[in-house]
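Participant: Each chain, written out:
Number of protein chains: 2
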Amino acid sequence: MTAFHFNLVACDGAARRGRVMTAHGSFETPCFMATATAATIKAMHPEAVRATGAEMAICNTYHLMLRPTAERVAQLGGLHKFMNWPGPLLTDSGGYQVMSLATLREISEEGVIFRSHLDGSKHVLTPERSMAIQHLLDSDITMCFDECTPHPATHEQAAHSMRMSMRWAQRCHQAFQKREGYALFGINQGSIYPDLRRESATALKDIEFDGYAVGGLAVGEGQDIMFRVLDETVSFLPQAKPRYLMGVGKPDDIVGAVQRGIDMFDCVMPTRSGRTGQAFTHRGTVNIRNARHLNDPRPLDERCSCLLCKNYSRAYIHHLFRAEEILGPMLLTGHNLQYYQDLMVDLRKAIEHQTLTDFVVGFHEQQARGDIEVLE
Amino acid sequence: MTAFHFNLVACDGAARRGRVMTAHGSFETPCFMATATAATIKAMHPEAVRATGAEMAICNTYHLMLRPTAERVAQLGGLHKFMNWPGPLLTDSGGYQVMSLATLREISEEGVIFRSHLDGSKHVLTPERSMAIQHLLDSDITMCFDECTPHPATHEQAAHSMRMSMRWAQRCHQAFQKREGYALFGINQGSIYPDLRRESATALKDIEFDGYAVGGLAVGEGQDIMFRVLDETVSFLPQAKPRYLMGVGKPDDIVGAVQRGIDMFDCVMPTRSGRTGQAFTHRGTVNIRNARHLNDPRPLDERCSCLLCKNYSRAYIHHLFRAEEILGPMLLTGHNLQYYQDLMVDLRKAIEHQTLTDFVVGFHEQQARGDIEVLE
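Those protein sequences? They're chains G and C, same order as listed. Just so we're aligned: 85 in numbering that gives the first Met the number 0 is position 86 of the first sequence, and the numbers increase by one with no gaps anywhere. Just so we're aligned: 92 in numbering that gives the first Met the number 0 is position 93 of the second sequence, and the numbers increase by one with no gaps anywhere.
Be a bit skeptical, because a hint or two may be false.
Any copy will do: because identical chains look the same in the list, a pair fits if it lies in one copy or spans two.
Below, in silico cross-link-like pairs of lysine to any residue (SDA-like), each with a Cα-Cα straight-line distance of 25 Å or less [said to hold, decoys possible]:
#: 1; residue 1: LYS249; residue 2: GLN176
#: 2; residue 1: LYS80; residue 2: THR201
#: 3; residue 1: LYS80; residue 2: ALA322
#: 4; residue 1: LYS309; residue 2: ALA47
#: 5; residue 1: LYS121; residue 2: ARG321
Treat the hints as calculated values from the structure; they're not laboratory data.
So that you can see chain G by itself, here it is in the shape it has in the complex (with noise of 0.2 Å):
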């Protein structure tokens, strides 16, 4: 078993390219890594997911705990083996679907008590029991349950929320069990202040985290402000150890990300964006249900090696979402996911190269070519 740790083997300005060693193999960084929220990338197989080159995966510790319980996925053999993941799992602390999905919340500095927005019973998630609950699904990175601050928040509002997250890390990090390759992430907050990001990175850093996350962003404060945010929260954050945005985002919002020293994400959008036929291609988005496709003979995109545009037309795929058939959701997410890997792909060798700036330069031109649309 090698320990977690973080190899930087190469920079482009604030840009990294690096690796991250955990118990169920490495990564590179970096990466996106595929949401599958309760133990399932939807409408993917687990294989096709690693062939789009997707090395990582993320889980969320609310939905697993409320189904199927995380003591059910323990007695299964844990989440790996479970949902047939062998490589890197990281787990959400279940923070934000807590506010977000849900109901009767009471926050106190102990925890929160919630109904689950599935049957109604009633659940306590405690930084504790967050942990607890990670261990029990075998993740290889576990994330510091904290609050996710609303957006927007006074600066008093943000610093009493960012307060109570940097204790309950403190008590994650105690709770959290060391075991060889696996790690514990701490979770920058404080929302657009930057004396406040700046003061959340102090705490964690005196803890000392494995990593570092950044949350509170792409809650709807626009790019940006979040590039803002990041520039100067990434400066406060230690460089030996990996970084990561949560819950970015778009194409534009990583590359932006990563030329300000990202080197982690997750997003639902190409898989959600998958079910609902939005494509991501070189051109900029594009929504395949849209008529003007209905007799066009041409792949989705040319530059692209996914199943969907190596054998099917673009008039296929439109008759798929227009029929509502399920192949459509599988065959576009497939397609977007390969597009989000494919971009990480060219972002690393990039920076390895030392030719981000130029790769950017060309991505936005790329992006603003053809026939754009926007994705709403």
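We have chain G; now place chain C onto it with these hints.
Facilitator: Okay, now just chain C, sitting in the frame of chain G:
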């Protein structure tokens, strides 16, 4: 381009082991065709369907004429290219679906005027139009357009309906554009009445088709009556041509029909059941949604080689169905298709080795053993 033909390889009692050559390759019989109603086998990549052993798929004239239209499929290079199915394809004529799905039908000697179940638009389907549509689709095996006699039907109703279908069969034969490797099958009707089945068989043989289907069964008459009608009807059909029992059926229906000399089958059961949680296994049918699978670490069917049985526990599949995750239908459809194809392999081997009687005894013992649940 090879001519369409049927090679009879071996017999065991009335059961036949054969091979059918078509313009898009050959298939072994007895065969079970994968249902691809709207030019997709629901919840399956076509490569994965072929990996189960399926060599042949069946699409539907009614569905495809409405969406995306036969003209569009033709313009896009035909059905094989459109849906990425390089192997042989059969198309149903639309007769059955016009009766079961369309609204405001007016049936006359000329054909059927109806309204689409999708948007209420008005359409006409005649023997000539059905032939033209199936030609545009580029179907390897075209089915005659017939009237599906309702069940139950009096002798008079059944005779009237069958005789119109026989006149339509003559018009189909005249309208069908012969091409090397392409075939037209006639459809035997006559409800449960032996004299009408014989009259229908004689009429079809006089016209001379490339294969003969038995229609109007598995419509609620029960297995005993179906087998009795089959015993009689098959004896009226030519030995040298393939025989196709339309829309059948459950595994034991197929076994019994193979014993009675049927070569080809199609049924939505494995795919539709796969989407609702019903599994076909070597110990009978299983409802994976049942709570007793909640903690079960065993594979669904130890004798099966599909992705589901190789890589997942019953508990995981149960979880996927409870959580309404698309991977559940994907995996279970794959399993059910594998079960059906494995059954066809076993039947073909048993006929080759003249051991069909023993195989059938073993099959029924297996199905009666273990934790059988009745398929609703």
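Participant: If a hint holds in the structure, say so; if it does not, say that too.
Facilitator: Hints, verified against the model:
Proximity of LYS249 and GLN176 under a CA criterion of 25 Å is satisfied in neither setting, with 35 Å inside one chain copy and 52 Å between copies. For the identical chains of this complex, LYS80 and THR201 are neighbours neither inside a copy (37 Å) nor across copies (60 Å), given an alpha-carbon limit of 25 Å. Taking identical chains as interchangeable, the C-alpha atoms of LYS80 and ALA322 lie at most 25 Å apart only when they sit on different chains, with a minimum of 18 Å there against 35 Å within one chain. Both within a single protomer and between protomers do LYS309 and ALA47 lie at most 25 Å apart by alpha-carbon distance, with minima of 15 Å and 16 Å respectively.
In this assembly of identical chains, the alpha carbons of LYS121 and ARG321 lie at most 25 Å apart only when taken from different copies (19 Å versus 40 Å within one copy).
Hints 1, 2, counting from the list given before, are not met by this structure.
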